[in-house]
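This is what each chain is made of:
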Amino acid sequence: MSLSTDPWEGRLSEHLDGTLSAEERSLLDAHLVTCGECRATRAELEQIVARARALPERAPGTDLWPGIEARVAALAQQPFSAIRARRPAAVRRGITLSWPQLVAAGLLLVVLSGGGAWFASRGPRLAGRATQPAQTSGGTNYAAAHQDADPEYAAQVADLEKALAERREQLDPSTVKTIEANLKIIDLATTQARQALAADPANPYLKEYLSKSMRRKVELLKQATEFASTR
Amino acid sequence: MTIGTARPLALFVALVLSLAGAASHAESPAPRVHVVAPPDREYHAGRAQRSAHTDTTIAVRRGMRLVLSNFGGSIAIRTWPRSAVRVMADHRRHDRVSIQQADAMLHVSSETAMGPSGSVAYDLTVPAWLPVSLSGIYNDIDVDGLQGGIDVETVRGDIVVRRAGGVIGLRSVEGAVDLVGARGTIAVSSVNEAVRVAQAFGSIAAEAVNGDIHLIDVDSKDVEATTVNGEVVYDGRILDGGNYRFATHSGDIALGLAESANATVSVSTFSGDFESAFAIQPRRAPRGRRFTFALGNGSAQIDLASFQGSIELLRPGGRVLRERILDSWKDHEKEWSKVFGKEVMWELKGKSDPAPAPDEGDNNDGK
Chain A
4 MSLSTDPWEG RLSEHLDGTL SAEERSLLDA HLVTCGECRA TRAELEQIVA
54 RARALPERAP GTDLWPGIEA RVAALAQQPF SAIRARRPAA VRRGITLSWP
104 QLVAAGLLLV VLSGGGAWFA SRGPRLAGRA TQPAQTSGGT NYAAAHQDAD
154 PEYAAQVADL EKALAERREQ LDPSTVKTIE ANLKIIDLAT TQARQALAAD
204 PANPYLKEYL SKSMRRKVEL LKQATEFAST R
Chain B
5 MTIGTARPLA LFVALVLSLA GAASHAESPA PRVHVVAPPD REYHAGRAQR
55 SAHTDTTIAV RRGMRLVLSN FGGSIAIRTW PRSAVRVMAD HRRHDRVSIQ
105 QADAMLHVSS ETAMGPSGSV AYDLTVPAWL PVSLSGIYND IDVDGLQGGI
155 DVETVRGDIV VRRAGGVIGL RSVEGAVDLV GARGTIAVSS VNEAVRVAQA
205 FGSIAAEAVN GDIHLIDVDS KDVEATTVNG EVVYDGRILD GGNYRFATHS
255 GDIALGLAES ANATVSVSTF SGDFESAFAI QPRRAPRGRR FTFALGNGSA
305 QIDLASFQGS IELLRPGGRV LRERILDSWK DHEKEWSKVF GKEVMWELKG
355 KSDPAPAPDE GDNNDGK
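Protein sequence lines, in the order shown, are assigned to chains A and B.
Numbering-wise (the numbering used here), the first sequence opens with residue 4 and increments by one.
Numbering-wise (the numbering used here), the second sequence opens with residue 5 and increments by one.
Please note that the accuracy of each hint is not assured.
Said to hold, decoys possible - List of simulated lysine to aspartate or glutamate pairs, DMTMM-like, C-alpha gap at most 20 Å:
(1) 215/A with 155/A
(2) 215/A with 307/B
(3) 187/A with 222/A
(4) 225/A with 183/A
(5) 215/A with 155/B
(6) 215/A with 190/A
(7) 215/A with 169/A
(8) 225/A with 244/B
(9) 165/A with 203/A
(10) 225/B with 244/B
(11) 225/B with 263/B
(12) 215/A with 244/B
What the hints assert, rightly or not - Here are the computed distance ranges between Cβ atoms for each label pair:
(13) 111/B with 169/A: 49 to 55 Å
(14) 108/B with 194/A: 46 to 52 Å
(15) 115/B with 27/A: 35 to 41 Å
(16) 194/A with 111/B: 52 to 58 Å
Unchecked claim - Away from chain B, derived, C-beta distances all over 12 Å, residues of chain A:
(17) 16
(18) 20
(19) 53
(20) 155
(21) 173
(22) 207
Just so you know, these hints were derived from the structure itself, not from any lab.
Just so you know, even glycine gets a beta-carbon here, dropped at the ideal spot from N, CA and C.
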């Protein structure tokens, strides 16, 4: 059994086609820096595309167009009623609704509109709740998990990033690249966790996960800065 | 240093060394000493780079700790029954190995009068009871047999530690971390590579950012394994009253769990799948679910959390789980066979069931 556990492997074609979002592309770029297998796969894909483009244009062995053209011309000679008769029965009949069906459709419309309005009015309240300070869940400081809502946390990250930037010449460029790629990975995980939490703010797993994810960034920044200072 | 002063200085250092050597033979408590060990032979490596070899032995007593800092190169440590540390090092001719003993610390490092020292390949022999701290930037580290605790930190380089005891802390940024045959309090991490622990007893904390975590034949009541972009595989015992926490963001979690275990299992995913090789409620769960179920008396607590990967419960030691580990190791099987030894590799292969259990077959097909 061969299990591919690399979540990016299946996205390499999209990366090559340029159809990934900017965020996904940025993360995959970071992943490619550190993952030799994906780099190799992407290189193979590039080769395949390059070879396909290099192939000469070949005319088909049999030209099908004259036959198609003749059938289209023959169809155009037929009366409209004959063409209409070939369409599916439901399309021929059109859509008709009975009075009970119309009432049910009306009720459904009311329910959907009401639900949409309630959902729309709920959104800003949840966003407001996410910025309330000092909500604690299971020993985890919920507020600390939100960088935007916690200036202390934001300042700590900024200080560490500044310290690392000042000392980055002390580290090998490839090491700096690896650290930055891993910081990007953590950032994306944090962003996804924050988005998930915005959609499900009562989820204790997401709250704790977001906190851990952000703590991880601080720890990696500290570790990298310490290494840079040792040189 | 001029050539004229080099000879008297070498004689003086040799005198100091011989005193230190006598002390080591007597195995008496080592005096406060600072040795700048001269190379005992020089040789040419390559066309222009002149290299040298240092070999010296210092007595140590219980209660001491060895601290070795090496900017780049390699560190290999083996044990012997003597209460002494033998330091062998290959280095540039102008570099000197410095051994300083102060209080309960034996510091080993390299120095040079001409700027930062170059790459040094250390080969140490130490008593098994001696606690050891190793640090550096670019080092491959290979340690075997230390029972007094070991702390290792390197930026680029793989860490391999076998048969260790005590407080064990292994950290690498760009290298893989392998620990085989350990007993104690274990904390292992790599930022950008895999962390693998086999045949371990004691509390275990394993962490990675962009790497897998594999825990094999673990016998512990306290295990935590967390990564961001990698899988977590656990094939070990689930002990009554134990606490087991496994988490990943974009990888899978594969947990070996026997139906007969006494455990409360908490499963959390945001957009991942859940699947179990044996009957539980729910056996499969839709995405975005979090739920709990109990096996037996539920005394152990198992937390499984994958943000967007799948969570699988598999038969411990079973074919699917072992194949999963071996599959991820296949590209490096030869080198990892050396690291893990035949015993672990044999176990991984030898425990494979010839005929898969029906549930495992289902699970396998499902992948």
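Hint-by-hint comparison with the structure:
no.: 1; hint: 215/A with 155/A; result: holds, 16 Å
no.: 2; hint: 215/A with 307/B; result: holds, 15 Å
no.: 3; hint: 187/A with 222/A; result: holds, 14 Å
no.: 4; hint: 225/A with 183/A; result: holds, 13 Å
no.: 5; hint: 215/A with 155/B; result: violated, 24 Å
no.: 6; hint: 215/A with 190/A; result: holds, 12 Å
no.: 7; hint: 215/A with 169/A; result: violated, 26 Å
no.: 8; hint: 225/A with 244/B; result: violated, 37 Å
no.: 9; hint: 165/A with 203/A; result: violated, 33 Å
no.: 10; hint: 225/B with 244/B; result: holds, 8 Å
no.: 11; hint: 225/B with 263/B; result: holds, 18 Å
no.: 12; hint: 215/A with 244/B; result: violated, 27 Å
no.: 13; hint: 111/B with 169/A: 49 to 55 Å; result: violated, 28 Å
no.: 14; hint: 108/B with 194/A: 46 to 52 Å; result: holds, 47 Å
no.: 15; hint: 115/B with 27/A: 35 to 41 Å; result: violated, 49 Å
no.: 16; hint: 194/A with 111/B: 52 to 58 Å; result: violated, 44 Å
no.: 17; hint: 16; result: holds, 18 Å
no.: 18; hint: 20; result: holds, 21 Å
no.: 19; hint: 53; result: holds, 26 Å
no.: 20; hint: 155; result: holds, 24 Å
no.: 21; hint: 173; result: violated, 9 Å
no.: 22; hint: 207; result: violated, 8 Å
Consistency note: the structure conflicts with the earlier hints numbered 5, 7, 8, 9, 12, 13, 15, 16, 21 and 22.
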